[in-house]
Structures are given as C-alpha cells and as structure tokens.
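Please model the complete structure; the sequences and the hints are all you need to start from.
If you read the sequences in order, they're chains A and B.
If you read the first sequence in this note's numbering, its first letter stands for residue 1, the second for the next number, and so on.
If you read the second sequence in this note's numbering, its first letter stands for residue 1, the second for the next number, and so on.
For the record, the hints were derived by calculation from the structure and aren't laboratory data.
Here a beta-carbon is modelled for each residue, glycine too, at the ideal position from N, C-alpha and C.
Watch out, some of these pointers could steer you wrong.
[What the hints assert, rightly or not] If you want the footprint, here are the derived chain A segments under chain B, 3+ residues with CB under 8 Å:
#1 164-171
#2 286-298
[What the hints assert, rightly or not] Between beta-carbon pairs, the in silico distance windows are:
#3 A:G361 to B:W363: 33 to 39 Å
#4 B:A433 to A:M449: 40 to 46 Å
#5 B:H442 to A:S196: 43 to 49 Å
#6 A:A159 to B:A433: 26 to 32 Å
#7 A:R110 to B:M24: 54 to 60 Å
#8 A:L431 to B:A433: 52 to 58 Å
#9 B:N289 to A:T479: 55 to 61 Å
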Amino acid sequence: MTALPQFPWLSLLIGLPLAGALLCLLQRRSDGECRWLALTTTLGTLAVSLWLFVAFGSGGEGWLLREDAAWIPRFGIRYTLALDGISLLLVMLTAFLHAIAVLVAWPEQRRVPLFMALLLVLESGLMGVFLAVDLVLFYLFWEVMLLPMVFLIGIWGEAGRRRAAIRFFLYTLAGSLAMLLAMIALYLLHGEQTGSYSFALAELARTQLTLTQEYLLFGGFLLAFAIKAPLVPFHTWQPEALSESPAVGALDLTGLLLKTGIYGLIRFALPLFPHAAQACLPLLAALALGGLFYAAWCAYGEDDVKRILAYSSISHLGLVVLGLAAWNATAWQGSIVLMVTHGLTTGALFALVAMLRQRTGTRSLAELGGLWGAAPGLSACFLLFALASLGLPGLANFPGEILVLLGTFRTQPLWALLALPGLVFAAAYLLRLVQGTLWGPAPAGRGAMADLTLREWLILIPLALLTIWLGLHPAPLLTPLAGPVQAALGALP
Amino acid sequence: MTWFDLIALAPVLILVFGATTLLMVGAWHHQSAPLVVGGIAVALAAAIAAGIAPPGPPEIAGMFSCTPYARFFTALWALGTALVLMLSLRYAGERDFAAGEYVSLVLFSAAGMALLSGSTSLIGLFLSLESFTLALYILVSFHRNNDPGAEAGLKYLVLGAVATGFMAFGIALIYAASGTFHLPEALYGLQTGGQLRPWALLGWGLVLVALGFKISLVPFHLWTPDVYQGAPAPVTALLATGSKGAVGAVLVLVLARAPGAWHDLVPLLWLLALATMLVGSLCALPQDNLKRLLAYSSVVHMGYLLIALLPGSADGYSAVVFYLTIYAVASLGAFGVITSLSTGQGEPQLLSRWQGLGYRYPWRGAVLTLCLLSLAGMPLTGGFIGKFVLFHAAIKGGFTGLALVGIVASLVSFAYYLRVVLVLYSSDEPAPALHPGTALEHAVLLVCASAVLLLGIYPAPLLDLTAALIP
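As structure tokens, then:
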C-alpha cells in the first residue's frame, strides 16, 4: 500500500505547525523573528504535503496512508489518521493557504507572536480534521480549530469583533454538540449490536440502523456540517464573522474552515447514514439552490466588499452541495474540485481586499472606485480573481462548476437547469464589485496610492499561477479523486 | 474500634492531629508562614499516607469505610487542601489572618471531606458533613475587616443551619421507617415498601434537600454567588472543589451500594437536574464578577453531575468520579489565578479589572484560559473527556433528554467562559498592575494546568482507575 517507510507523515502534518506555534510563543526576541518562524513552519508543512502529493498524487483505491494507535481503550477511541485522494487535496490546500496567510499577516503589528501561534494552531487543527477517521478524534480537531479562529476574530477583528467571535463560536458549537450526541448514540447502537465498542469510521459505517434512527443521527451530523458550510438557513453567523475578522481570518475562514463542513458531509455524514442521506437529497438540493440564489441576491445588494465576498462564498458552496446531492461520480468530483479552487480564488480576493483596505482605509463600495489608474498591478490581479470566481472558462473555478452541472444534469436535469441562472447572478454581483472598485472616477480626496509591494506580489503570483494552471489543466486535481469518489459512491447503496 | 481500624484511618488522623497541633502552636507563635508551611506538610503527608496505605477493613465503627474509593478521595482532598494552603501562604500573611486557626480549620475541613467521601451510615454522613461545614462557616468570614466576607459568612451559616435541620429531620424519619442508620439497609427500606414507605421517601427527600444545599442545586443555590464572592479566594477554592466534591462522592457511594432503591426519587432528581442546569446557565450569563460567574457555573456543573448519577449505572458513577476530579482541578486552577493576582488591597473580581491581563501576566492568563476552557468542556482539556463520559453514561442509561439539556447548558457555558477569556485578551486598554505572584503560587498553577492538559490528552489511566474504584 505504501512506498514510504512507516514514518508518521500524517502526524508530522499536524505536529509541525503545533511545534511552530509553541516556538512562536516561547521565543522572546522579536516580532520579525516570529514572522520568519511562522513562514518557515508553514513552508515546511507545505513541503511535506507536496511530498505526499508527489508520492500519492496518482491516486488509488483505499487509504493511501494510515496511522493508528490506541488512545482511550476503555471507550474504543483510537488515534487513527488516514489519507486518501480527497483529504490529500484538502491537506495541500490547507498547507498552501497557510503559507499565503502568513505573508498576508506580515504587516500585523499587534501581538505578533500570539497571532502567528494561533494561525499555526489553526493549521494544525485543520490538518487533523482532514485526516482523522476516528470520530472522537475528528470531533476533537473539529473543535480545536474553532478556538484559534475565535481568538483571531475576537482579538484582532474590527469594531464588532467580540460579539461576532462569540456568535460564530456558539453557532458552530451548537452544531458540533448535536453531532457529538449523535456520535455517542451511534457508538452505543453499534456496540450493542456487535459487542465491540469502537469510534472507528469503518466500524460504525457497518451499523444496522432503522430508518428513524438514521434520520435522527443524520440530522445531528447534518446540523453541524450545514452550520459550518454554511447552508442557507444556518448561514447568519457567516457574513458577520467574515466582515469583522481580520484579513487572514477571513481568508482562512472561507478558504478552509467552511470547507470542513462539506468535507465532513462527504467523509462522515453520507457514508454513515446512506439511506437517510439519500432520502434527504432533494432537501439538500433545495437548500443548496435556495442558498445559491439567496446569497447571490444578498451579495448584489451589499455595499461592504467583505460582505459581498462572504455572500458569494455562500452562493458558491450552494453549488458544491448541489453537486453532492446529485449523487454521481462526475458531480462529486466537480464539487470537490470546486471546493479546492474556490478556496484559492476567494482566499486571493480576501487578501486583495485587505490590501485595498490598507491603502484606502475603507471597505465600502461607495467610497472605492477608480483603482485601475492608481494601482494597475493590484487591479489586474483583482480582475483576474474576480473573473476566476465567476467561473470564466480557462480559470480555476470553471472545471469544477462545469463538472457539477454536467453531473447534476445527468441525474437531475431540473436541478441543473435551475442552477444555471445562478451563474449569471454570480457574474452580476462580481461585475458590480469589479466595477465599483476598479473603474469609474476615483473618489475625491484620495491621495496617491502605491502599487503592489514585493510581499504582495509574492502572495498573488503563486495564487494567480495556480488559478490559471488549474483552469487549463485540472487533471492533477481530478486524478487523486477518481478512486475515493468511486469507492465512496460504490459503497453507498 | 481496634488498632487495625485506627491504622486504616491514619490519613484522616494525620489531618486531625496535624490540625490540632498547629492550632496549639498557633496560640503561642503568631508568625504566619511557618504555620502555613506546617499545614502544607501535614496535608501532603496525609495524601501520601492515603496513597500508599493498604486497603483497610470495609467498615470502621459502623460509620466509615476505607475502601480504595474512600482512599482515592482522601488523597484527592488532602492534595487539594495542600494546594489551597500553598495559595494561602502569601494571601493569609498579607491579611494578618490568625494563621494557627486558619490552617487548622482548613485541615479539619479536609478531614471532614475525607470522612464524608467514605461514609457508610447516615450518622457518619451527618457528622462528617457538619464537621467540615462548621469549619467552612468560620473560614468564609475569616477576613474580619471585610464586609462582603462577613455577609457571606452569615448567609452561609443561617442557610446552612436550616439545611442541617432538614438533614437531621430526614435522618430521623428514615430511622423511624427503616430502623437503621446503616446506609444500604436504610435505602432498602424504600424498596421493600410497607406502611412506612412514604415516611422513608419523605426522609430521603429531606436529606436530598440538605445535600442539594451543599452542592447548590437549584432551588437551594441562592447562597452560592454571595458566599463565593465574599469568601477569601483560597477558601472559595476549597468550597468549590472539596466541599462540593465530597458531597458528590458520598452521593455516588449511597446510590451505588443500593442499586434500584433510588428509583422513586428519579423524577425529582430529573427535575432538579433540569432546573439546576437551566437556572445556573441563565444566571451565569450576565455576571460581571468573575467569582460570581464561577459560582453560578459551579451550580451548572453540579447539574451535569446529576445527569450521570441518574442512570444508576457503574458507567455513570465512574463518570461522576472522573468529572469531580477534573472539575476540582480546573476550579482550583481558576481560583488559584484569582488568589495569586490578589494584592493586600483586595482581589480582582470585576471583569473590568481583567482587561488585557492575559498580555501583562501571560502565564497566569494562559492558566486561567485553560481552566475555563476545561470547565466549558473544550477538547484537549480534561473537561471534554469529563463531559464525554457524562453524556455517554446518560445516553446509555436512556436519559437522552437530560443529555440534550446538558448539551444546551454547555453551549451556554461557552458563551460566559469565552467572554471572560476574550476580556482577558482584549487589548483596548493597558492592563492594571496586580500582584506578580510568588513562585509557590506559580507552581500550584503549573500543577493544575498540567493536570488539566494531561487528563485531556491522555485520560486512559484515570478512566481505568475511576472505573475500578466504584464499589
């Protein structure tokens, strides 16, 4: 199964950022050193994940890499990490976006060691979420990644930060606690049936449940993931959290944290409760489609750039969930690819908004405009990522979107037809965003503006290259997915 | 009582004789530090004795047991008392406490808690409970020049005396109905039925009221915030950990030895748990005083305990013991931080005084954060494992509804604990200067913090131990 020696690569992915975080907190010399330390750590993690991609990027059936150790034997809880094509892509995305995030956070002046440490702990938690296949371990990382985010929002955020942070935390926690209850109930049911109490995903997936039980437990899991994703009636925490959070927080939140909801759906909720899930597909699709349009509509009406991006991300995730609800390999692959590329493009847009904010001091569309004349480099990048975000062919989001639509059309033509106008909506609000910031007259009283600095180019160039490359050649994303998606759908009834 | 019995009671005797000796010495030597250090040594000796002593006879004088269960709690309360005394060293010195009395009272109360955790008869229960409550009445108002302290002491005394009355009357009724003080038999009176059964039920209800007062179940919780606020911080720590913990421990002991007997009281306990969690949570939310907040949160924690007690299963009892341990460690850490930040002028209680303290005193800020997160039940801290075993036991026992309430209560608890943490790290204003803390205090905090983390990351040994302890 593995060409590598039994080196704990997966634990390394989790441990490396954690060690970096500790070093950041313990070193007392300077903020500058701390930044370099954080950058080195994230680059090291990125190197490890790249190495895994090189080794396992060709995909394959089953787990590509697995680590297992006893943890709490009394409850059958194990420390089990496993990597397949889906988690591989998300691990890559996490490592890459965190290297970018450290660069974005470079100008931060307040409490740098703590800031960097939290960022690294967040990375560690995310890695854990994408790798854990023991339910309690997953839950542990799921909550551990919340806390640094709450602090990032609550300490470095904007005026309404404390409220936004607590609200974000409580919302997501409500979901997670429902999931915890469902987990324990499933564990007990499984134990009563088989006599062996275990929290391992593979074991629990074999539990025989009545349909009612499945519905209830699936509901618990779905609540957690729908709040995190967020699906529309559960989304109200998200625009506030995003607009109050610092630039890095917003990047991390949309780029990665929201993806954990979808990932949890794919990895846990659907395989554990296939019957209930399939019965709920129309509901899921309805929520997804509703979200797609509702969020696009909200985005069109917003004036705050960050909130526009927040709603746009809800809208995009609607499409991702629609792909999952279509329940076939093409759509699933499209959903996962879209998830990854959306992380890149939205991450880039949030980074750009931060740069814009730094230069103009505002996030309001009404006070922006005429940027192209002042800062052409920044504007060109903004345009590129906005176009990528609305799904222009040849840029990163296009392959994912088209696969989702094709896949959906094959099983549920009506849903696909309904989703199509959503893409037009996306074009509408994104063009409005571009128009409001880049073109038109510059507001009176704005002084000269510097174009991109070296650091900012370093952030944007890798993102731009990836965006173009993955748009033209999405195969590196699709290859590792083929095996696990087929396997997942094959195992489900 | 034989020599053998006395040797079996050695850990408690060390506490009692140590306390008496220090009281005597304190009459002639007024220097505070040596007395407190002596008290620490006595408590540690008792903890070690409890740790290494072989199991004693199952029952001594028909009142107390020396089972591994009782030994575990004796060691725990003795250790906790040692930590409390370490925290008191500077605190008591700065306030000119009469050290002899203070130390001996703390040790006496530890002895009472240790005995209570192993009581096997209603008389033993009554005596040990009253002995440590009596010590606490005095300790709560030990700071004579402090008005809130005096008020707290009076409130605790009056309400406590009422609870004692309930207890005595309840025990009398139980005796009348069952003809025995001895615990399993006194409970079996409930099972067998007969004409006197209503009286026995009433008696047990009254005893429950008294115990509910001590662990502040709603509606018997009204003293809690005032007493927590007014008592000296180390005493609050003792009150929050030992006094509540010991009552929790004896509840397990009573229930575990008479499985099924409790059945008729389940609806009552169910309601108590519900009210306790809801009212505690709602009252904790708006608090601006950290000690009052911790008081209400302790109310909620006792509600959680009831969730695991109700199923009456071995799982539930071991969950309670595990949770009590975690809870004791985390509360001790939280009150330890308050104590070590206190200056001779007073304790930082209002949240406004905690603004940005996490930056000014990073170590203690981190410990408080850790302890609060553990109380809230954050993964990677012991509190999460504690909640996990509680909810596991409740769902397994069929109390899913209560588990749901518990989930909601923990959700709310995150709101108030997290608020404190965010205040701790808010950078709006420069933090006020408080006491830098002594090395000993930092060491105590280190012990609490590492225990909280260790139990969160590697709980397996303690889980196995608590499961093995249940009689």
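Going through the hints against the structure:
| no. | hint | result |
| --- | --- | --- |
| 1 | 164-171 | holds (count 4) |
| 2 | 286-298 | violated (count 0) |
| 3 | A:G361 to B:W363: 33 to 39 Å | 37 Å, holds |
| 4 | B:A433 to A:M449: 40 to 46 Å | 43 Å, holds |
| 5 | B:H442 to A:S196: 43 to 49 Å | 46 Å, holds |
| 6 | A:A159 to B:A433: 26 to 32 Å | 28 Å, holds |
| 7 | A:R110 to B:M24: 54 to 60 Å | 57 Å, holds |
| 8 | A:L431 to B:A433: 52 to 58 Å | 56 Å, holds |
| 9 | B:N289 to A:T479: 55 to 61 Å | 60 Å, holds |
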